[in-house]
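So the sequences go chain by chain: A and B.
Going by the numbering used here, the first sequence opens with residue 1, and the numbers climb by one from there.
Going by the numbering used here, the second sequence opens with residue 1, and the numbers climb by one from there.
There could be a bad hint or two in this list.
To be verified - Listed below are the simulated SDA-like cross-link pairs for lysine to any residue, each with C-alpha atoms no more than 25 Å apart in a straight line: (1) A:LYS25 to B:THR2; (2) A:LYS33 to B:PRO90; (3) A:LYS114 to B:MET22; (4) A:LYS42 to B:PRO111; (5) A:LYS188 to B:THR2; (6) A:LYS41 to A:ASP240; (7) A:LYS25 to B:GLY139; (8) A:LYS114 to B:PRO34; (9) A:LYS25 to B:GLY81; (10) A:LYS25 to B:PRO50; (11) A:LYS41 to B:PRO141; (12) A:LYS25 to B:ALA113; (13) A:LYS42 to B:PRO141; (14) A:LYS25 to B:ASP142; (15) A:LYS114 to B:PRO6; (16) A:LYS42 to B:MET110; (17) A:LYS169 to B:VAL7; (18) A:LYS33 to B:GLN51; (19) A:LYS25 to B:PRO111; (20) A:LYS25 to B:MET110; (21) A:LYS114 to B:PRO111; (22) A:LYS25 to B:GLY48; (23) A:LYS33 to B:MET110; (24) A:LYS33 to A:ASN88; (25) A:LYS33 to B:ARG80; (26) A:LYS42 to B:ARG187; (27) A:LYS33 to B:MET22; (28) A:LYS33 to B:PRO50; (29) A:LYS169 to B:PRO6; (30) A:LYS25 to B:ILE114; (31) A:LYS42 to B:GLU112; (32) A:LYS33 to B:ALA109; (33) A:LYS25 to B:ALA83.
Worth flagging that the hints you see were computed from the coordinates, not collected in a lab.
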Amino acid sequence: MTEGQQTNSASGEGAIIITDDDLEKFCEFLYRKTGIRIESKKRYFLERRLIERVGVMKCANFRDYFSLLHFEDAGRELQQVVNLMTINETYFFREMYQIDCLINSILADVSRRKRRQGDRLKIWSVPCSTGEEPYSIAISLLERWPLVDDFEIEIHDSDIDSSVLERAKVGVYDERALHLLPMMYRQKYFTPRSDGNWQIISDLRGSIDFTLVNISNLSHTWQYRDFDVIFCRNLLIYFDDVSRRQAAEMFYEALSPGGFICLGHSESMSRMSSLFVPRKFADAMVYQKSPQRL
Amino acid sequence: MTLVRPVEPTDISLSPPPPEDMAGLLVDLSDESPPVRRRAAHNLARTGEPQAIAALCARAGVETDETVLETILTMVMGCRGRATVEGLLPYLASDNPSLRNGVADVLRAMPEAIGPHVEEVLSDHDPAVRIMGIGLLAGLPDPRVSGWLVEVIGRDDDFNVCAAAVDVLAEVGEPAALPALKRLPTRFPGVPFLEFAIHTAVSRIGNGEGKRGAP
Ligand SMILES: C[S@@+](CC[C@H](N)C(=O)[O-])C[C@H]1O[C@@H](n2cnc3c(N)ncnc32)[C@H](O)[C@@H]1O
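Work the whole structure out from these sequences, hints included.
Pasting the structure below:
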């Protein structure tokens, strides 16, 4: 589309028009709020969603809608837009080699630094999307880590999208989400439902908490501290260089000395920050905050 | 079961930002503890105030802890604009490679703010600064880039500076740069590798590969 060209939702009266300039402003706004950059090839998708929202919110035009986004106190509409723009793809035991690495190597390193039995061990899964990742971590710990009973393990889980968090709390999954999960775990940690889906048992749901966090917003993240391990997988690929570097900063602050961060398979900390040391274990390459640093 | 439900920070939308004031943050930026300096850098950048950005840039020049330096540079990278560019430009001449290269990365991330300073950098008395400046031009979305580089290869007496300009012209040069490129060997006769670089630039521009946006 060329500069100044306009788009109609439909021809005729009342059609909502969004110009290239409007889209540009909106993308800048979304970027400032979330760190997410919409690639130009996704603009068409964005435009359709925005036209829909202008209609739902009964705004006369895009300009009115945009000022509502800016000034609405509770930020409810901004949350709606964020929910529409996120890509939530995930499933149980995705990129399992990293969870294997957690169990086989990382936790041995971390637990050596803990003073005594009963100490807290803190893990943060962010973004957790609909919950498959943190539940996979929890099940793997309970089933496979021999020292699981020696520590009080906290698994914190966060995402920017409020709708996925609601689904994570309910914990109901279909076959597609479960296809890699061994059947014995399904039988132990899920209950079958009449609609063919499976729900995480309440014991497990009760020990995991889900919170709304935008990792690019310091006022969301500043209280997240002293983590031993952070999983941040398949999010930073959607960020630009500046936001990635800022995310690395935030994780550095959130980790204890010697803490680890696990990224998705196509993400590399070395390209975004020199704060962490790469650690190559048998199962995976992960990144560590120096044990000597505060 | 040993999984314990975490006590999460209460409602994040209500939680206040860290209770710090600008004066306190400025003091913390020189604190002896690196974590305190890093935290001060985060919070100062968050204010976006020119005074805060100036203080961060000044601190970058004397910071000895690599992690704090990286934090400062990352934080000012998010504050695009004049204050950041003006605060960092002097470090292109720094003897500290982490600072010099880190600053170049930050400046490259804010091309729109560099434009007004290009001529000043390209006329700096230090050839190392001129070379760093030329490196920044490769990613600059400004129609004047090719013209600036042509001026460099026409007037700069430093061979290495001209060689750097030729390399960038090969990436982004426009056909109007061809005459100056072809004249350049007469300014530095008998340097084979410069001739090779010029040849590459001329043929790339001739094929339409040099100009930004060409397929
Ligand atoms: C592709 S999912 C990844 C889920 C899981 N980590 C995995 O690897 O399967 C990406 C998630 O990132 C979330 N997200 C996007 N921007 C975010 C931000 N700024 N802060 C926190 N979460 C974000 C999205 O809502 C989405 O649920």
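Task: Contradicted hints - numbers only - done: Violated hints: 1, 2, 3, 21, 26; rest satisfied.
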